[in-house]
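If you read the sequences in order, they're chains A, B, C and D.
With the numbering used here as the guide, the letters of the first sequence map in order to residues 30 to 322.
With the numbering used here as the guide, the letters of the second sequence map in order to residues 30 to 322.
With the numbering used here as the guide, the letters of the third sequence map in order to residues 30 to 322.
With the numbering used here as the guide, the letters of the fourth sequence map in order to residues 30 to 322.
Don't take every hint at face value.
What the hints assert, rightly or not - Distance condition first, Cα-Cα at most 25 angstroms in a straight line; then the derived DSS-like pairs of lysine-lysine:
| # | chain 1 | residue 1 | chain 2 | residue 2 |
| --- | --- | --- | --- | --- |
| 1 | B | K190 | B | K58 |
| 2 | D | K144 | A | K97 |
| 3 | C | K190 | C | K144 |
| 4 | B | K144 | B | K190 |
| 5 | D | K144 | D | K190 |
| 6 | B | K97 | C | K190 |
| 7 | C | K144 | C | K58 |
| 8 | A | K190 | A | K144 |
| 9 | D | K144 | D | K97 |
| 10 | C | K58 | C | K97 |
| 11 | D | K144 | A | K190 |
| 12 | B | K190 | C | K97 |
Bear in mind the hints are in silico, worked out from the structure with no lab data behind them.
Number of protein chains: 4
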Amino acid sequence: MPTLGPNSYGKAETRVVRVVRDGAVHHLKDLNVSVALSGEMADVHLRGSNANVLPTDTAKNTVYAFAKEHGIASAEEFGIRLARHFVTSQQPIHRARIRIEEYAWERIETAGRAKHSFARRGQEVRTAQVSYDGRCWEVVSGLTGLTVLNTTDSEFWGYVKDRYTTLQEARDRILATDVHARWRYGWSDDARPAPDWERGHAEARGHLLSAFAETYSLSLQQTLYQMGARVIERRPEIDEVRLSLPNQHHFLVDLEPFGLTNDNEVYFAADRPYGLIEATVLRDGAEPRIPTD
Amino acid sequence: MPTLGPNSYGKAETRVVRVVRDGAVHHLKDLNVSVALSGEMADVHLRGSNANVLPTDTAKNTVYAFAKEHGIASAEEFGIRLARHFVTSQQPIHRARIRIEEYAWERIETAGRAKHSFARRGQEVRTAQVSYDGRCWEVVSGLTGLTVLNTTDSEFWGYVKDRYTTLQEARDRILATDVHARWRYGWSDDARPAPDWERGHAEARGHLLSAFAETYSLSLQQTLYQMGARVIERRPEIDEVRLSLPNQHHFLVDLEPFGLTNDNEVYFAADRPYGLIEATVLRDGAEPRIPTD
Amino acid sequence: MPTLGPNSYGKAETRVVRVVRDGAVHHLKDLNVSVALSGEMADVHLRGSNANVLPTDTAKNTVYAFAKEHGIASAEEFGIRLARHFVTSQQPIHRARIRIEEYAWERIETAGRAKHSFARRGQEVRTAQVSYDGRCWEVVSGLTGLTVLNTTDSEFWGYVKDRYTTLQEARDRILATDVHARWRYGWSDDARPAPDWERGHAEARGHLLSAFAETYSLSLQQTLYQMGARVIERRPEIDEVRLSLPNQHHFLVDLEPFGLTNDNEVYFAADRPYGLIEATVLRDGAEPRIPTD
Amino acid sequence: MPTLGPNSYGKAETRVVRVVRDGAVHHLKDLNVSVALSGEMADVHLRGSNANVLPTDTAKNTVYAFAKEHGIASAEEFGIRLARHFVTSQQPIHRARIRIEEYAWERIETAGRAKHSFARRGQEVRTAQVSYDGRCWEVVSGLTGLTVLNTTDSEFWGYVKDRYTTLQEARDRILATDVHARWRYGWSDDARPAPDWERGHAEARGHLLSAFAETYSLSLQQTLYQMGARVIERRPEIDEVRLSLPNQHHFLVDLEPFGLTNDNEVYFAADRPYGLIEATVLRDGAEPRIPTD
Numbered sequence: 030m031p032t033l034g035p036n037s038y039g040k041a042e043t044r045v046v047r048v049v050r051d052g053a054v055h056h057l058k059d060l061n062v063s064v065a066l067s068g069e070m071a072d073v074h075l076r077g078s079n080a081n082v083l084p085t086d087t088a089k090n091t092v093y094a095f096a097k098e099h100g101i102a103s104a105e106e107f108g109i110r111l112a113r114h115f116v117t118s119q120q121p122i123h124r125a126r127i128r129i130e131e132y133a134w135e136r137i138e139t140a141g142r143a144k145h146s147f148a149r150r151g152q153e154v155r156t157a158q159v160s161y162d163g164r165c166w167e168v169v170s171g172l173t174g175l176t177v178l179n180t181t182d183s184e185f186w187g188y189v190k191d192r193y194t195t196l197q198e199a200r201d202r203i204l205a206t207d208v209h210a211r212w213r214y215g216w217s218d219d220a221r222p223a224p225d226w227e228r229g230h231a232e233a234r235g236h237l238l239s240a241f242a243e244t245y246s247l248s249l250q251q252t253l254y255q256m257g258a259r260v261i262e263r264r265p266e267i268d269e270v271r272l273s274l275p276n277q278h279h280f281l282v283d284l285e286p287f288g289l290t291n292d293n294e295v296y297f298a299a300d301r302p303y304g305l306i307e308a309t310v311l312r313d314g315a316e317p318r319i320p321t322d
Numbered sequence: 030m031p032t033l034g035p036n037s038y039g040k041a042e043t044r045v046v047r048v049v050r051d052g053a054v055h056h057l058k059d060l061n062v063s064v065a066l067s068g069e070m071a072d073v074h075l076r077g078s079n080a081n082v083l084p085t086d087t088a089k090n091t092v093y094a095f096a097k098e099h100g101i102a103s104a105e106e107f108g109i110r111l112a113r114h115f116v117t118s119q120q121p122i123h124r125a126r127i128r129i130e131e132y133a134w135e136r137i138e139t140a141g142r143a144k145h146s147f148a149r150r151g152q153e154v155r156t157a158q159v160s161y162d163g164r165c166w167e168v169v170s171g172l173t174g175l176t177v178l179n180t181t182d183s184e185f186w187g188y189v190k191d192r193y194t195t196l197q198e199a200r201d202r203i204l205a206t207d208v209h210a211r212w213r214y215g216w217s218d219d220a221r222p223a224p225d226w227e228r229g230h231a232e233a234r235g236h237l238l239s240a241f242a243e244t245y246s247l248s249l250q251q252t253l254y255q256m257g258a259r260v261i262e263r264r265p266e267i268d269e270v271r272l273s274l275p276n277q278h279h280f281l282v283d284l285e286p287f288g289l290t291n292d293n294e295v296y297f298a299a300d301r302p303y304g305l306i307e308a309t310v311l312r313d314g315a316e317p318r319i320p321t322d
Numbered sequence: 030m031p032t033l034g035p036n037s038y039g040k041a042e043t044r045v046v047r048v049v050r051d052g053a054v055h056h057l058k059d060l061n062v063s064v065a066l067s068g069e070m071a072d073v074h075l076r077g078s079n080a081n082v083l084p085t086d087t088a089k090n091t092v093y094a095f096a097k098e099h100g101i102a103s104a105e106e107f108g109i110r111l112a113r114h115f116v117t118s119q120q121p122i123h124r125a126r127i128r129i130e131e132y133a134w135e136r137i138e139t140a141g142r143a144k145h146s147f148a149r150r151g152q153e154v155r156t157a158q159v160s161y162d163g164r165c166w167e168v169v170s171g172l173t174g175l176t177v178l179n180t181t182d183s184e185f186w187g188y189v190k191d192r193y194t195t196l197q198e199a200r201d202r203i204l205a206t207d208v209h210a211r212w213r214y215g216w217s218d219d220a221r222p223a224p225d226w227e228r229g230h231a232e233a234r235g236h237l238l239s240a241f242a243e244t245y246s247l248s249l250q251q252t253l254y255q256m257g258a259r260v261i262e263r264r265p266e267i268d269e270v271r272l273s274l275p276n277q278h279h280f281l282v283d284l285e286p287f288g289l290t291n292d293n294e295v296y297f298a299a300d301r302p303y304g305l306i307e308a309t310v311l312r313d314g315a316e317p318r319i320p321t322d
Numbered sequence: 030m031p032t033l034g035p036n037s038y039g040k041a042e043t044r045v046v047r048v049v050r051d052g053a054v055h056h057l058k059d060l061n062v063s064v065a066l067s068g069e070m071a072d073v074h075l076r077g078s079n080a081n082v083l084p085t086d087t088a089k090n091t092v093y094a095f096a097k098e099h100g101i102a103s104a105e106e107f108g109i110r111l112a113r114h115f116v117t118s119q120q121p122i123h124r125a126r127i128r129i130e131e132y133a134w135e136r137i138e139t140a141g142r143a144k145h146s147f148a149r150r151g152q153e154v155r156t157a158q159v160s161y162d163g164r165c166w167e168v169v170s171g172l173t174g175l176t177v178l179n180t181t182d183s184e185f186w187g188y189v190k191d192r193y194t195t196l197q198e199a200r201d202r203i204l205a206t207d208v209h210a211r212w213r214y215g216w217s218d219d220a221r222p223a224p225d226w227e228r229g230h231a232e233a234r235g236h237l238l239s240a241f242a243e244t245y246s247l248s249l250q251q252t253l254y255q256m257g258a259r260v261i262e263r264r265p266e267i268d269e270v271r272l273s274l275p276n277q278h279h280f281l282v283d284l285e286p287f288g289l290t291n292d293n294e295v296y297f298a299a300d301r302p303y304g305l306i307e308a309t310v311l312r313d314g315a316e317p318r319i320p321t322d
């Protein structure tokens, strides 16, 4: 009989909005929470017995109840609370992984005294993943959808040329990418104090941005390494950074047929194909644990 | 033989990025341009003769060449230039409609003196549509993807109840929507000076936001009207506003089964179905011209 | 005070799946229904009075209740029933427009006698729009997401060349498009028998496909006209066809740098920009009523 | 200095359409190819030296040249050819991973003798991933976007109930999912003959479908295991199957407020949240190698 291998189940994409009313001043947290649970689940796969199965509907209810009971101080803190609950309250569940997307809102400034109006800040999404096996924690935070572009200070030349190479070398090009970053905190033990998740996120994001802007780039790989290294060097609580950076090609348009010269002014922003550069940057001695796939 | 009715053709979604270098300080315009042309096109439909057809590839080339030759002062100004070109340079073309999406970028602030690094501002897209028939202009500007939310000051009650009505009345609810706005400028004649398109857009957007935030809402229709009326009242250059506002329902989660009270704190953000409220608000005496469909 | 112009409201994207059990043989209808209502709605916009407003939640409930009470013989028939209900049962509502997307499922063939298993047929979506003002009906059916491609029998040459034209003429190219078609039935009067909507859709779709495949094309406009004309000529119940056809460019890859000849064998399927060809084809004497925008 | 961890680079999403002309009968392969290369890449990350970097543009060119030179017998065979080329022709490259999506087309049947017209078959995508390190092959094939639904023969009861459980047990429910399947072939050695990739895919797909349809389901986990086990039992060339199955909830609509009984006839198809069931099924003795994350 075929063997059951790695497996998990849970409720994905529970959308919870939590309002806190501080008098007339309101605050908002907007999360998308996905719960994945693993443990003694052979019976349900092999025989259809649900005796060990807490329904995914219950995972959804728990998200809402915890938002009320405990509030949402940060995505990471909320994920830790949920993971601990499932692993410690359900004997057959040995491991929980909570994934959270957080959508940012900013206040709409108005002439009046109203403090309950918000606008979504953009396409960037903050991410947090919390894994717990009853003993150790692993917290991987990150972001997606942060699109950045340098109009200069990027070159690409000196590369390998084979039979199929036609690319011209570039001494001044646009470098643009859509940053997908994940960083793993060293914290894993309840006995140690947890990092300041809100500050950690803001700081890591800031270092990624400034390293992107400040690096004179000879390749997107070099820029990637500088971005990851900047975070490792400045944030002692972070041991590992993984970056996935599509090279969003901006091709210089050939204007010569129209009697015009293109002095790096007019570009075609291409969709596909795109280069894809992915790498992990580690604190010296740390093991890579963020999945590469 | 079946008759040929209304028709148009052109190149859609030409992606052009225009860089302006003011010494070390760079500026950026990022547009998605769609050209639609109409005129004496019976032959190509009925007989496959392309004698009147300027290729759509040429429309694409023209976008790039004009970005170099004339720069991009604003989406509207660029659209006017393109529309005028096609209608006046090609005898068989009697009408041009240029649609532009503009993506906003903001500078990445860095410690260094570099001024060539940018981050995409978000999911909001500025839109402009320019139509020209050789005599009159019609400019409709707008925006999509502006998501806004009030955590209070919204009610919904006193509505019709029929056999199929089960909705409970609400005295305090979240009101959230994703604003799709279009506004038509009164300007139509080359002999009159054109409005300041950049300022017009910023002002209209600001009025939409503040009207949304400042309206105590008894229905999304009321909020919609206030938003449109605010623009009409404050911007004399704008004659018509059309708003399409999905009611992005945030349902109060029932926490009673868990022994908890939900004091308007925990909401489920639903995807579908959603209410959809659409209306045009007009300057007194103006005709509605923005399509309703 | 700014004037209220054209407006509508309703519930969009109510997802209803209706199962019919004929013993062990089950049947399935899978619809996405959007209701838009108009009428005496000045008060709700101007003063926030909901006295004339049937909640959008009730529109959703009505969709589900009607699916049970009346079944879903076809999207069009279901839309007619809903539109009639809202206009005739609510005095302030003068006009209803029902838009429906229908997703097709096909049976999974199995060795057993089970007849309750289905697989989604694909990305193609059947559409229906029913409008009713209490006297006249307008039914526009259609489809989206039907992607078709001819590997030959397509040329493009003899076009206008201006200063910005660089395109090479083509005597053999791939012609590919993603068909978005809408067709308007002549039926408008309850006193006359309605067409067979299921058969009408299948026949119109078949004619679009065969006209696309059988036309030797000198331009996508010519192919478009042939597709529309074929439907008008073969289906007397249809008075108007509107087609929106993106020209999904497949560019011949230049293999000469690699010492290879590309005999119309290897193509790059481009995303953007794309040509966009749109036209209406009419029965002689019919008015174009399908919106062009 | 921070350490460089796992990394790769390459060109993603090269869209290639390959036509084969057998007289008037044409054949079509439509692929989306992503190349990822790894090896001696420390210099480019740490110092910006591209001396070991074959440009991603060259990877794109190679895809097109190989499509001409060797044709595309199957996605897997094409991926093997590409992976072997990069690893054996570039000394610094030690590992290649080729990911391919294949889009299916079916012939448009026409009255004429034309055999060059095609329609996209649907949203289902065939996938293939080939990894090569110079010695061993790993081929993981699969599919995404296969949406299936049983209208009956599904129950869910006997599960754990905690403080947050409110779900009612179900003795007859709709079971619907969007199958994402990957299966790993045992073949890894050039010295052994490779499997028939086309037949392998068709057979695996057929077994997944029939197991879904024929399983009387007490939980989606049980159905998942049956689907994977069916493939392992029937296809000796496949050692591992991983399935990711969202539980696309179809909720029975409560029609009682309208005086109607819902005898499992009318359902609301929900978007989010959804259950997510994931598991690997293995041939006895095989190691799980398909990533779980």
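Quick rundown of the hints versus the structure:
{"no.": "1", "hint": "B:K190 to B:K58", "verdict": "violated, 51 angstroms"}
{"no.": "2", "hint": "D:K144 to A:K97", "verdict": "violated, 63 angstroms"}
{"no.": "3", "hint": "C:K190 to C:K144", "verdict": "violated, 60 angstroms"}
{"no.": "4", "hint": "B:K144 to B:K190", "verdict": "violated, 60 angstroms"}
{"no.": "5", "hint": "D:K144 to D:K190", "verdict": "violated, 60 angstroms"}
{"no.": "6", "hint": "B:K97 to C:K190", "verdict": "holds, 21 angstroms"}
{"no.": "7", "hint": "C:K144 to C:K58", "verdict": "holds, 15 angstroms"}
{"no.": "8", "hint": "A:K190 to A:K144", "verdict": "violated, 60 angstroms"}
{"no.": "9", "hint": "D:K144 to D:K97", "verdict": "holds, 21 angstroms"}
{"no.": "10", "hint": "C:K58 to C:K97", "verdict": "holds, 12 angstroms"}
{"no.": "11", "hint": "D:K144 to A:K190", "verdict": "violated, 41 angstroms"}
{"no.": "12", "hint": "B:K190 to C:K97", "verdict": "holds, 21 angstroms"}
Figure legend: structure checked against the earlier numbered hints; hints not met, in rising order: 1, 2, 3, 4, 5, 8, 11.
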